[in-house]
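There are 2 protein chains.
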Amino acid sequence: MISKNEIKFIKSLKLKKYRNRERQFLVEGEKNVDEVLASKLQTLKLFCTGKVAGKYLVRGAVEISEAQMAQISTLKTNETCLAVASMPAPGTQHVSGDTHTFVLDRIADPGNLGTIIRTLDWFGYHQLVCSEDCADFFHPKTISASMGSFTRLQPMYHDLDKFLAGESRPVYGLALGGEPLESVRRFEPSIFVMGSESHGIRDSVLARLTHQLRISGHGQAESLNVAIATAIVAFHLRSCQL
Amino acid sequence: MISKNEIKFIKSLKLKKYRNRERQFLVEGEKNVDEVLASKLQTLKLFCTGKVAGKYLVRGAVEISEAQMAQISTLKTNETCLAVASMPAPGTQHVSGDTHTFVLDRIADPGNLGTIIRTLDWFGYHQLVCSEDCADFFHPKTISASMGSFTRLQPMYHDLDKFLAGESRPVYGLALGGEPLESVRRFEPSIFVMGSESHGIRDSVLARLTHQLRISGHGQAESLNVAIATAIVAFHLRSCQL
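Which chain is which? The protein sequence lines are A and B, in order. Per this note's numbering, numbering through the first sequence is continuous, rising by one, with the last residue being 428. Per this note's numbering, numbering through the second sequence is continuous, rising by one, with the last residue being 428.
Worth double-checking, as some hints may not be accurate.
Stated by the list, open to error - Facing chain A, according to a computed beta carbon distance under 8 angstroms, are these residues of chain B, among others:
#, residue
1, Phe309
2, Leu362
3, Gly364
4, Glu368
5, Gly403
6, Gly405
7, Leu410
8, Ile414
Keep in mind that the hints were calculated from the coordinates and are not lab data. Built from N, CA and C at the ideal position, the CB exists for glycine as well.
The whole structure should be built from the sequences, with the hints applied where relevant.
Okay, structure coming up:
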């Protein structure tokens, strides 16, 4: 049973404005719901369809019809489950200078952000700073694309100029004309800035890079997807640490 | 001016069945349309909105309203242009044994396929073989995600068991328990098999691998996106060739 008011409330969480006001967000599909249930995050509501009732009713889920699930879910097809979770308290995270930190400048696509979160989690890099105009971490598409990694990695949103002004670590960024990434094989704890696909790294941030790197292209493609570029940097850093 | 029949025809090309029957496909948005116009592929129809009429009318485009563009386009927002292009004649491609060939086993998501095409084009690898049950190269989402690279790289669809049976090159594949990718730094011309996210590499293909590799994880994420994994392999191969 789900009330009209609940449906309305859950649908409102598709918008950042209401997510921020309520400090709640949507988690959809089995993989992500299983991860949120297994995490320290608080799950406030849980809905499932008959298809997976055996698995989720014992976890306190409310069974709803597939038509109702389609109504509240943002996924094209969601035949299983949806949770409403509570955002962690703000200010519980901080940047540590003794490891690598990834910085995203104006990554607009929530799917790309989610894939980056998943990939950094894979490689064990858990420090992620986003410019204030990046996509929202709690956007349903970010959460979905993170494949559960949203429970282990939460970006901090900062004014990048101010953030970088306070940093003493080397600041690497991908830029045309930089040194080939694969030619650098020693990195002390550093910052790696990834720019948006359409605009690259903004000028004021570019001015704060201490080193420019590039991923060498060997064909005619104009650019790499930003999640792909981030993954290649993370893989390279890991293989240099071995 | 666009007729009702034309609208109907263009909409039919969203489906593989009609694309294959007509041997035509959709190309949407400025980047992809510019690439198809600059390529050897034949552009049969070209539509643009008033917004970009100055650029495309001289190339023979027909101007239509934004509402009409929204009607024929598969993109969420397309305020610019759409082309109908002719598929290249079948059988114009073949696998060459003197370079690396990438093989995709059951990659279902056309967006992932498009990103893989874009990434392989970036790294200059132009040999791509897909299992017959992979996503369609001419799916509008594949074409869009390829960011123009569909003009330079067209996968060949094969029965992978038969294809691999006829190969004498080493066959690498990503598999749990393989050797760490970064530890192998010499590759003769080889085949690299990437399995689907949900099912990995099918057993009959797994049995044909001569070497198993893995991308080492250092966190708790369960898997990497297949386009990300392909990109990391391509980057590593390139950096080993330097």
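Cross-check of the supplied hints:
1. Phe309: holds, 5 angstroms
2. Leu362: Nearest chain A Cβ about 13 angstroms off; hint violated.
3. Gly364: violated, 15 angstroms
4. Glu368: holds, 4 angstroms
5. Gly403: Interface hint status for Gly403 of chain B: holds (5 angstroms vs cutoff 8 angstroms).
6. Gly405: For Gly405 of chain B, the interface hint holds, since the closest Cβ of chain A sits about 4 angstroms away, which is under 8 angstroms.
7. Leu410: holds, 5 angstroms
8. Ile414: holds, 4 angstroms
Hint compliance for this structure: hints 2, 3 are broken, all remaining hints hold.
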